[in-house]
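If you read the sequences in order, they're chains A and B. The opening residue of the first sequence carries number 1 in full-length UniProt numbering; numbering runs sequentially from there. The opening residue of the second sequence carries number 1 in full-length UniProt numbering; numbering runs sequentially from there.
Among these hints, one or two may not hold up.
Listed next, the stretches of chain A that the computed footprint assigns to chain B, with coverage defined by at least 3 CB atoms under 8 Å from CB atoms of chain B [to be verified]:
hint, segment
1, 2-16
2, 47-54
3, 101-112
4, 360-374
By construction, these hints were calculated from the structure, which means they are not laboratory data. In this text, a Cβ means the ideal position worked out from N, Cα and C, and glycines have one as well.
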Amino acid sequence: MSFDRINEKLNILADAAKYDVSCASSGSDRKNKNKGLGNASKMGICHSYTQDGRCVSLLKILLTNHCIFDCAYCVTRKSNDVQRAAFKVQEVVDLTINFYRRNYIEGLFLSSGIFKSADYTMERLVAVAKKLREEENFNGYIHLKSIPGASDELMYEAGLYADRLSVNIEIPTKKGLKLLAPDKKREDFLKPMNKVKNEIVKYTNEKKVLKSTPVYAPAGQSTQMIVGASGESDKDIMYASNFFYKNYKLKRVYYSGYVPISNDSRLPSLGSPVPMLRENRLYQTDWLLRFYGFGVQELLNEQHPNLDIAIDPKLSWALRNLNHFPINVNTADKHLLARVPGLGMQSVYKIVQARKFRSLNWDHLKKIGVALNRARYFLICNSKDYEKRDLTVEQIRSQILQNTSSKYQGYYNNQLSLFN
Amino acid sequence: MEAIYLYDGTFEGFLTTVFQVFEEKQYKAKIVKPKHYQPDMFVNTSDVVTDMSKAKRVWRSLNLKATKMGANQLRKAFLSEIKGIENVLLRYIIYAYSTESFINIDYSNKDVLRVSQIAQMVGREKHRMEAFVRFKLTKDGYYFAEIEPDFNIIPLIEKHFKDRYADQEWVIYDRKRKYGIHYDLNSVQTVVFENTSYQSAEDVNLLDESEVPYQKLWKDYFDSTNIESRKNMKLHKQHVPKRYWKHLSEKQPS
Numbered sequence: 001m002s003f004d005r006i007n008e009k010l011n012i013l014a015d016a017a018k019y020d021v022s023c024a025s026s027g028s029d030r031k032n033k034n035k036g037l038g039n040a041s042k043m044g045i046c047h048s049y050t051q052d053g054r055c056v057s058l059l060k061i062l063l064t065n066h067c068i069f070d071c072a073y074c075v076t077r078k079s080n081d082v083q084r085a086a087f088k089v090q091e092v093v094d095l096t097i098n099f100y101r102r103n104y105i106e107g108l109f110l111s112s113g114i115f116k117s118a119d120y121t122m123e124r125l126v127a128v129a130k131k132l133r134e135e136e137n138f139n140g141y142i143h144l145k146s147i148p149g150a151s152d153e154l155m156y157e158a159g160l161y162a163d164r165l166s167v168n169i170e171i172p173t174k175k176g177l178k179l180l181a182p183d184k185k186r187e188d189f190l191k192p193m194n195k196v197k198n199e200i201v202k203y204t205n206e207k208k209v210l211k212s213t214p215v216y217a218p219a220g221q222s223t224q225m226i227v228g229a230s231g232e233s234d235k236d237i238m239y240a241s242n243f244f245y246k247n248y249k250l251k252r253v254y255y256s257g258y259v260p261i262s263n264d265s266r267l268p269s270l271g272s273p274v275p276m277l278r279e280n281r282l283y284q285t286d287w288l289l290r291f292y293g294f295g296v297q298e299l300l301n302e303q304h305p306n307l308d309i310a311i312d313p314k315l316s317w318a319l320r321n322l323n324h325f326p327i328n329v330n331t332a333d334k335h336l337l338a339r340v341p342g343l344g345m346q347s348v349y350k351i352v353q354a355r356k357f358r359s360l361n362w363d364h365l366k367k368i369g370v371a372l373n374r375a376r377y378f379l380i381c382n383s384k385d386y387e388k389r390d391l392t393v394e395q396i397r398s399q400i401l402q403n404t405s406s407k408y409q410g411y412y413n414n415q416l417s418l419f420n
Numbered sequence: 001m002e003a004i005y006l007y008d009g010t011f012e013g014f015l016t017t018v019f020q021v022f023e024e025k026q027y028k029a030k031i032v033k034p035k036h037y038q039p040d041m042f043v044n045t046s047d048v049v050t051d052m053s054k055a056k057r058v059w060r061s062l063n064l065k066a067t068k069m070g071a072n073q074l075r076k077a078f079l080s081e082i083k084g085i086e087n088v089l090l091r092y093i094i095y096a097y098s099t100e101s102f103i104n105i106d107y108s109n110k111d112v113l114r115v116s117q118i119a120q121m122v123g124r125e126k127h128r129m130e131a132f133v134r135f136k137l138t139k140d141g142y143y144f145a146e147i148e149p150d151f152n153i154i155p156l157i158e159k160h161f162k163d164r165y166a167d168q169e170w171v172i173y174d175r176k177r178k179y180g181i182h183y184d185l186n187s188v189q190t191v192v193f194e195n196t197s198y199q200s201a202e203d204v205n206l207l208d209e210s211e212v213p214y215q216k217l218w219k220d221y222f223d224s225t226n227i228e229s230r231k232n233m234k235l236h237k238q239h240v241p242k243r244y245w246k247h248l249s250e251k252q253p254s
């Protein structure tokens, strides 16, 4: 094999794949079979990090960047003048195995531009996964992209070899999708997602009866939405997320701040900043929904369709609901503790354990790792020294902002001044 | 009079010392490695001879008394090799035996919290090393990696690599502590190279001819996944601290 030719293809096809932000390798605990190669780590492993701080866990490439679609936000769109390339099935297999053996990666994340038809493309993706599993005895992580519109038979087969399947929604609203990706229909995205969901449910039920049932997409499904490309509100995005979490049992929804790649007048112009802080606030909201017991309508609703950029969404919620506070750290239920700004789930767990032994004071909380600069306005503990003044929402907010420093400070100070 | 126990620096040696401390009721004793010991004529020192059966007894008992999780935290904290850690561990153990309840979750006790924090640090580096080991294929057909971790994490990562790379022969060598582990397709053995016979993986002549091209592919892949408009070096260095760059092929200048 010619390393130079492979290198050239790899540069083109990795560059085109990088806008897919998911790089998770977690959620699967596939075992090493018959002294073969590899296994999956339940918690996932990031083998390196790019200079923008994102995890590199999988070999993330496109099989090809030839595409029959012309989605405005996508770098491999038909009308874009870029270099095109395509890997052979065996080339992807060799790269994966050789990277894996050197402990560079957890496995493969294979996506593709759509050439000829959805099924033709999906078939190639499945062929790579099948070869890795059956010929190379590879038990590492495989993430395949579900091609919108792919047939049920192919999606079924994909789940037998892959750990995770994902199909990117990209644009949260129907209106936006029509504007930016007129070739695509929402139903085409939902079809493969629905098939995989049903198979996962079926296999999980069978597994309960018969332990030897083979695994089917053990790390589940995920999707991605682009943030800031179609003028959508945070509410549009998070309600869409909530819909997918509830109806399609997704493991993850990823949010990807739009990186300007074209001069299309329908999109933010080249050179406009990537909305990284907004992306961050959306992830925080996502976490509050999945782990902290919040309902989406508590955080975003008709009155508050967008998140507060300057403070985190939990603090923002707490300031709107000061009547729930202060709560007593030594007696409150853990669900209530999880709602206190500055308390993460780790701290909640440690508090619940530690208070069995003695009543906790500020010093204990600090050592446990609570962010007291935020939490102290909302808590009482075993100490007389708590916030007794009746502070207004604005006072608390500005005091907290004064006592925190953020790398984004310049960013939101500028943004705020727009409204003043 | 204050008592000092000198032990051989191994975990088994430490457990044997704990056995002796309890037997001799020297609960205020200090446990030190010879290399950290400064002779003092006013204290009573004793040399502990590592005894595997005593060590096993203490280990089994700790698993019951401090729970499995607590015992594992003690082992991880021990592997941190932080100066004086033996005494924190001893206080933890004495506390564990002095109460009825399981204490490994009593984060309001300073020793328990400290042990859990250090164990967390060691656990983090274990996880990092599972990620940052970079094998190089040698002419002899085995995969060789060098590491220089802050803590002595080789005993903690052995199982991970054995389970994962079951069909290839490999060596992971800790250059700082001058020992490594070797998997020969059946079992994992500790290896120590003599200084004179040790050849570093940096020596290109030892490598298989496909090795350098694959390193280049990997580095190019790494470079092309970067999104320049999102560059954030502070975050990058937080995830991949500079002290680990030396052995990461993707962080080498081209």
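(Q) If you test the structure against every hint from before, which numbers come out violated? (A) Per hint list: zero violations.
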